[in-house]
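Visitor: Sequence:
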Amino acid sequence: MKGSDSVSSHFRNEENFCDSVNLLVPVCYLMFWALLLGFSLYSEPVVCGVGLVIMLTGVPVYFLGVHWKEKPKCIYNFIERATYVGQRLCFVVFPQIDPIEDADPSEQTDRSICLHSVYPAHCADDGQFVHFLLFVELHSFPPQQVRSLVAGFGPALQAHLSLAFQELQLHRQRRSSGSEEQPQGGSRQTASGGPEPLRELFQVLLQSQEEAWPGRFLLHEALVQRCPLLAVLASCQQGAEPLPCLCAWVLTSVNDVTLSEATAHLLEAPPHHLWTLHDLSIIWRTLLGRGHVRPLLRGFALFQRDCPLVLVLRMFELCCDYRNFSEAKVKLLDFQRTLITLRNSGPAPPGGLPLQWVESQASVLLLTMLQRCSSHYDLHRLLQLLADVDKLLKSNGPDFRKLSRLSQLLQGSDVSLSPRLLQCSSASVQQEEFQAAVDALQARGRYTQARKVALLADLPVHHLLLSQLLQEMNSQKSKTTWRRLETRVTFWRTCQEQLKSDSTDPGSASCFFLSQAEASGSSAAAEVQTELLDVQERCLLLGLAAHWLSQLSPPPIHQLESMEKKLWISRVRQHVLAVAMEQESVFNLPPPAVAPEMNKYEVLMKEFSFSNISALNTETCLRLDGLPGRSEEQEEQQEEQRVLASLIGQLLDDGSIHEASRVCRYFCLHHPDVWVVLRCRGLASGELSPAPQEEESEAPARRSITPSSSFGSLSLAMTPPPEDEVAVQLQRLVDQCCHGNNYCKQVLSLYQLSKELQSSFSQICLQEPGSVLELLLQSDQPERFRKAQAFIRAQGLSTDTVAELVSSAVAQALLGSAHDLHTVEKQVFRPSEGRDSLLQLIKLCDDPNLVGIKLLENINVVPLRDLSCIVDLLIAAHDCFSLTCNMEGIVRVLQAARHLSHAYLAPGEHYGLLVRLLTGVGRYDEMTYVFDLLHQNHRFEMLLRKKVDMDRGQSSSLKTALLDYIRRCLPADSEKHNMVALCFSMRREIGENHEMAARTQLKIIESQEWVVTPDLKSSLVKVLGLLKDAAESFSKDSCVRQATLCVRTAKLVALQLHFLNQGSDVRVINLRPAVLLNTLVQLPRCYQVFVVSEAYGVGPDWAELLFQKVILKGDFVYLEELKRHRPLTSSLFEDIFKKLDGAPSSVTPHVKRLLTHCEDVYSHYRLAYQQNLEHVTKTMLQDAETSNYLNDRLAS
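If you read the sequence shown in my numbering, its first letter stands for residue 2, the second for the next number, and so on.
Zero decoy hints are in this set.
FRET-style restraints, in silico, Cβ to Cβ: (1) Asn23 - Met56: 24 to 32 Å; (2) Pro908 - Pro355: 55 to 63 Å; (3) Pro972 - His939: 12 to 20 Å; (4) Asp654 - Gln828: 36 to 44 Å; (5) Ala270 - His377: 40 to 48 Å; (6) Pro143 - Arg89: 21 to 29 Å; (7) Asp801 - Thr531: 36 to 44 Å; (8) Pro972 - Gly1100: 35 to 43 Å; (9) Leu486 - Gln828: 47 to 55 Å.
Simulated from the structure, these hints should not be mistaken for lab results. Beta carbons are placed, not taken as given, at the ideal position from N, Cα and C, and that holds for glycine.
Using the sequences provided together with the hints, build the complete structure.
Guide: See below:
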């Protein structure tokens, strides 16, 4: 009723208003504006049209904003938001609460009415979450609208409220179904013995404000009502601790079974408990054990956002729930970096968790992840992931890197990773599990994997390797290729290399080979060929067993001797079987000859021979005491004795004297050559005295053996004196010896060398051959190099040994020379002896390249302060490579020289060493950079002061290289060219340089305008001096033609200076052929014509010149001067008179006078007659001296 009254009064007021205004006023008003509008449209149609269009744009706005009543909700929200933003920006009235707040609550429950969100949005922008919660709870905002409004809060409150309002609908349902929950509430009240709990969130919040500790009250209610939202709100209270809130939130987010297990250790009810880190640890382990990682993840994300455990929880979720190991690795690396940052930053901030506790719980999580893996693949991927953080956590957990490697090794096998290894077990338990894995792999025949696992766990592998070798041997024996000797030799060599690489125990390896040798010897062979193959294999195995047994400390001598005796029995049997097979052959052909280095069996037997065992090679074996003498052999033993004797002879030829002596003692065999060899050594060492002549004659006669070339040279170099009875008997024993002759020669050479060096034979024998050679080279004997060469051949020294000796001696000598050390000890190489001594020392080695390579290696150990030594080593190495034209070695020397020059010599201003390196190597074309360095540092003249050995032929090559460098790189530097030429007495080059400089100056004069100036005269004087010097240099070098050319040019320049000094501007230098004749005509004197014509190399036209000078000008002085230099021939006169056709008549007297100089009478008469000189002709015919001759000529 009130609304209708107000509307009727409004219309009544309008009617009264209309009645009070005269109608003429609005009519006039409209007419005025219509006329005004019409005039405007007429005068300014465009402007008015634009205005009308703008006005018409309000029509759609009116229909959309005013006339349209049922608009969508989004348009209303946009209008409200724009109004609110405008009010805030323009600082106008604060937006008030919508009047809907005063409406009936029953009307608010209608879902069709849209609740206005201006006030909650304002609360969200200002962070007033308590007012926000009260308002949305009081007016029952829908959950979807509340979640959209929560987005206006900050990140922290937004995260808390987003999780908290997930339970808002649940509480509303509890409130709507209160009658159904009464029995449950009653039972809970009965159980707790307290008052009935609050059912409304609003009531809990209001009640918390009345408590002394609101946060504790909210936590209590959260645990009682199982509401995580209250725990979140409790953490928002001032002074709240994150740890109790986290525990309460996690416990209220899990089911009853997990809650009871996590709180089983508590003595009181969970709502009354004060939560600590210990409680959180138990909750952590319980939830991880049950796989409830999401409550932990959300709880730590809410209350401990910066804790590193959030990252490992996310990794747990990615690995176990999503199998996303790549993203999990990223989280794990972030956890690693965060942990390192926290360790370096100091103590934990207030409210944070201790770092040690975080590390321990991370270890628990990682162990739980390992134990919860459902498949071997997941476990393998997880271990690979955790291997990156191995030893990062300060705990006693398992070695993830080792477990990852073990898991990788077990891939593809039936053996699985033991669960005990995934726990914090002791080292002994882990070793047991690793050993179990090794045994399981070995039982399945996977020896490679088992060996890798054993190496991973530092377990012994020798027994494993032996088992593997036995299995491989059994596998090889089942194949037909085992019947070939090459197959067995290859297999046993492989076994030896594997045992050596694994550092197997010598006793175990020896027992392995010995057991196989006994097994091979005990097998009964049906065929001779098979038996021979087994015997050969047994010999090889005995040698390998003895090799390993000799490595024991101390070596068992008796066992080694027993093995050696067995070996020789087998070798005799092998020889007998081989002979039998050869006799039984159809063709009776010997086996094909194979080079010793190509026979793998022989190479392996020699490598593991008993001769190489130093424990058996005692001095007792080299004495005649105990050596069996002559005796009658039994008939049945003759064949075996003969075979054994031949084998002993082979030992003597190979130089295995100790082994030959031992074999004779083992089998009580008398071998004459062994007796001769041992007696030869006894005589040389002085243990035996020389025998009388009678006893020598009783010795069995042996065939004489021609000495080798090396021994012959040594004997010639070291001829013993006649009174040396020992040397004479040694020579006789050498001639008597058949097998072991080379050893006897070596003994003789060592004995003679000991006499030369004035030392005892025993001392020489105790020393290495290299040391003896060094003593020989240190002696002052004039032929020490020839004797050393003979000694090297006699002793059979290797090329490598000689190269090492020579290179070290050269390096030591050069290093001592660089330090100016005058040692008392004699040196092998003496730098003072010069280059010839060095070349002879290098030639001692059959391969000088090895000496050069070792000299380059010695450069690396020479300190950089000894640059002179490095330079000499490079020069010596270059000499070594040059002897064999080894271009690769020469290139290495040149590269090292270049680096040394640029890096050390030039920066250190060691220019003398730079020149020494250049001239010592002598490859100037490849070392032009040295010229550049010297020129850049103004030390080029040092090359000219260098005294180069003339016998090496380097003077001419250095001269040529210097001149070539100057011509190519310094063409304008004549000073350096002259210095080089003067230094090497290069007179021709000096002359060429002077001549080039003179001609260059003439070119400069030619390019300028011809003006007589003092500068021109000084330039010509300089040119004249250069030409004189050039002519003198050419003449000294017998270069006559070039000297003549310089002299002629010098005369021309002197003539030009003569003209200039007289004030004449006549130009005679730099003339072109076209103007040369005119210049000759202008010259006043005849000798000047000669000078110019000789300088330009042309012959002057004397007829023209005489015509111009004599006929036309009457200069008979010119003619007289010409007659002094050359005769006037009749042909010359004829050429002159041919030019008289157009001459004036005034020249007739000159012609008559010229004819008087013609000595040819007939030509004189004929030319006068042709010119109608009757007086002349008449006079000649009347003259008594000429008339008769002319009459005769005219008559004929």
